[in-house]
Amino acid sequence: MDLNFTPEEQAFRQEVRQWVADNLPKDISHKVHNALRLSRDDLQRWAQILGKKGWLASGWPKQFGGPGWTAVQKHLFEEECARAGSPRIVPFGPVMVAPVIMAFGSPEQQKRFLPGIGSGDVWWSQGYSEPGAGSDLASLKTRAERRGDKFIVNGQKTWTTLGQYGEWIFCLVRTSTEGKPQTGISFLLIDMKSPGITVRPIVMLDGEPEVNEVFFDNVEVPAENLIGEENKGWTYAKHLLAHERTNIADVNRAKREIERLKRIAKAEGVYDDTRFRDQIALLEIDIVALEMLVLRVLSAEKSGKQSLDIAGLLKIKGSEIQQRYSELTMLAAGPFTLPYVREAMEAGWQGDWFARFGICAPLASNYFNFRKTTIYGGSNEVQRNIVAQTVLG
Amino acid sequence: MDFEFTDDQLSLRDAVARWVDKGFSFERRHGIAKKGGHTRDVYRELAELGLTGLRISETHGGMGFGAVEAMVVMEELGRGLVNAPYAAGALVAPTLLAGAPDALQAEWLSRIAGGAALVVLAHQERNARYRLNQVATSTKKSGSGWLLSGQKNVVPAADEADAFIVPARLSGAESDTQGIGLFVVEKAAKGVAIHSYATQDGARAGELKLADTPAALIRDDGLAGLELAVDVGIAAACAEAVGVMDKLVALTVEYMNTRKQFGVTLSTFQALRHRMADVKMQLELGRSMSYFASLKLGEPAPQRRRALSQAKVQLGNSMRFVGQQCIQLHGGIGVTDEYIGSHYFKRLTMLEMAFGDTLHHLGEASARMTDTTGVFA
Chain E
32 MDLNFTPEEQ AFRQEVRQWV ADNLPKDISH KVHNALRLSR DDLQRWAQIL
82 GKKGWLASGW PKQFGGPGWT AVQKHLFEEE CARAGSPRIV PFGPVMVAPV
132 IMAFGSPEQQ KRFLPGIGSG DVWWSQGYSE PGAGSDLASL KTRAERRGDK
182 FIVNGQKTWT TLGQYGEWIF CLVRTSTEGK PQTGISFLLI DMKSPGITVR
232 PIVMLDGEPE VNEVFFDNVE VPAENLIGEE NKGWTYAKHL LAHERTNIAD
282 VNRAKREIER LKRIAKAEGV YDDTRFRDQI ALLEIDIVAL EMLVLRVLSA
332 EKSGKQSLDI AGLLKIKGSE IQQRYSELTM LAAGPFTLPY VREAMEAGWQ
382 GDWFARFGIC APLASNYFNF RKTTIYGGSN EVQRNIVAQT VLG
Chain B
12 MDFEFTDDQL SLRDAVARWV DKGFSFERRH GIAKKGGHTR DVYRELAELG
62 LTGLRISETH GGMGFGAVEA MVVMEELGRG LVNAPYAAGA LVAPTLLAGA
112 PDALQAEWLS RIAGGAALVV LAHQERNARY RLNQVATSTK KSGSGWLLSG
162 QKNVVPAADE ADAFIVPARL SGAESDTQGI GLFVVEKAAK GVAIHSYATQ
212 DGARAGELKL ADTPAALIRD DGLAGLELAV DVGIAAACAE AVGVMDKLVA
262 LTVEYMNTRK QFGVTLSTFQ ALRHRMADVK MQLELGRSMS YFASLKLGEP
312 APQRRRALSQ AKVQLGNSMR FVGQQCIQLH GGIGVTDEYI GSHYFKRLTM
362 LEMAFGDTLH HLGEASARMT DTTGVFA
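Chains E and B, in that order, are what the protein sequence lines are.
FYI, the numbering used here numbers position 166 of the first sequence as 197, with every residue one higher than the one before it.
FYI, the numbering used here numbers position 267 of the second sequence as 278, with every residue one higher than the one before it.
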């Protein structure tokens, strides 16, 4: 048992740290460090910088053009990116659909789609949830009818994150109503420029159109865009969910954000109030415990032994921590988070109604926005079902 | 970064687990507790396994093992609800004696390693609560030696110990951080009076009164040594708690899969399943922070003290939640003396208060907070 990373891993960390310091645009990291609004351009610019280096595909094996990193190297890479203030990688392409294409796509599909994902040039969206299929995803109804060499898609997807920017969308669609709901689902890749697709932004409680409804009205999709076999899509989607278990805990971002919380608490004069400060200390302990949990999972992966049955816990704890730091950061500034000024969340805004207004402006919005974390990606109640299954059978 | 146990560590774990299985049934423990919690025989059996020399160097007849081995042993002793003062005698006391003059080390360490001597830390005072610098017990120079006077409270296995390690004031005011000496006091020494009693968790403790009692000085800069020893005690308590919780959760899972109400097993009710998911969360966060505690024992004092406080907060919260919820999930049987689970719960309750409770250590972790956060901060 050893807490420390190996000399090779530490050297790897240094290499990543230096590269990120040299290549992460300062205007982007400034926004991240201050929770300001990131534009499509900001997100894609960073994705393309990573793509050029070959690091956007950080989890890919070498044969598909990835760096072939171990789970530990990938963790260190993410930690260094978070620490430096890089935006989270928009996961739908490189993290979510790419592994499915690698595992179940044809060589032609791999050749056609993976380069654009790995370079960060093509923006992908996810078409899973529907108005009637949230946590109960298998009850989805968007239909795809096979007609010759095409599928005709009709229905509606929702909660499509940043779908307004999407160029392609991977969808779970119903191709059969026979048998159990899970057995009639297929995995389709759809060009979002296809006639019949309408994207309508949903304004969230923080005032931002972060997610969208996507409507499909007789959309023609070439049959060659079907991944694997018809009616096997649920299996492929589960493969996708099995990926990325430690990443969802997002402990590296939490470490950065609690440091911001401390800075704001100091500036607002509550860091020396033991009642407030103890709450930060409790959050810090939670973050250390979560990091230890993540490291345990990574160690189990590294040793090649049976993975620990604790992955389900990572999403629950990680999301609770995200909510808590956004909450405490808002509470640190207290009544000075009340003004709702959308322009103040843009970089370079020069409002001066009161001291440090620019710092306070995004705090309540972030808190509101983060209520999503215990809901998306399988609500925490669904996660508890999964954890209970591992404990009680 | 590696959290796998070596083959040697797994063998050690196995050896302790086998002894528990064969030699330390719940009936035996229950009988010991009912008769007042005397465990010197149990301690002797642990010594026969070689465990009392675990952390003592080979030059003094020990095995010279490290913090991870101690953690492994404590987890298994927790799982078996072993009520002998193992952590006090074999982990905390040798840590304190490591700072002693060679002659004093030679006098005690090999006897501790072999199990012939049980030496325990007697540091708690009535007005100190968890503050280690609050020391009222007084010292007086007498020829080449020292005489101690004062009272130490709730000393583990007080009437079964052969000697005590006692912090006493050499100079300064009661709460000064300087001027604290650490001494060895033998039970047979003049002026020692012990009033002992059973404890809530089936063991034994007592009051130690000293009246001009001769004592041997370990070191005169005692606070640093005391802090390290307490941190060793915290890591041991955390590891023991993990073992206790592991077993209590296993008992609860078994009960929920057998006990039927409304015609179905308890494990079919979602409200109870979600409670178990929360229990599992607290157990695994606790296990993670127990690893953290043991692995941070070798760090410089500021980082070490903060890490151990952070760990004790997590384990305190975990112990309380897991203990209370597992009793609740059992229903009526959980609050009876005959049921094994209630004794696991009582041990968890007392462990939360060992070497500083959750609020105390939250205060410590808060006071020691720096700008950065994380396992390596």
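Take the hints with a grain of salt, since some may be wrong.
Derived coverage of chain E by chain B (criterion: at least 3 residues anywhere in the stretch with Cβ under 8 Å from a Cβ of chain B; other residues may be distant) [what the hints assert, rightly or not]:
1) 78–89
2) 319–326
Among the chain B residues that face chain E by a calculated CB cut under 10 Å, a handful are [claimed, not checked]:
3) D13
4) N268
5) Q272
6) V290
7) E295
If you're looking for bench data, these hints aren't it; they were derived computationally from the structure.
Note that the coordinates shown come from a computational prediction; the quantities given were computed from them, not determined experimentally.
We put the beta carbon where it would ideally sit given N, CA and C, even for glycine.
How the hints compare with the structure:
no.: 1; hint: 78–89; result: violated (count 0)
no.: 2; hint: 319–326; result: holds (count 7)
no.: 3; hint: D13; result: holds (5 Å)
no.: 4; hint: N268; result: holds (7 Å)
no.: 5; hint: Q272; result: violated (15 Å)
no.: 6; hint: V290; result: holds (8 Å)
no.: 7; hint: E295; result: holds (5 Å)
Taken one by one, the earlier hints fail for this structure at numbers 1, 5, listed in ascending order.
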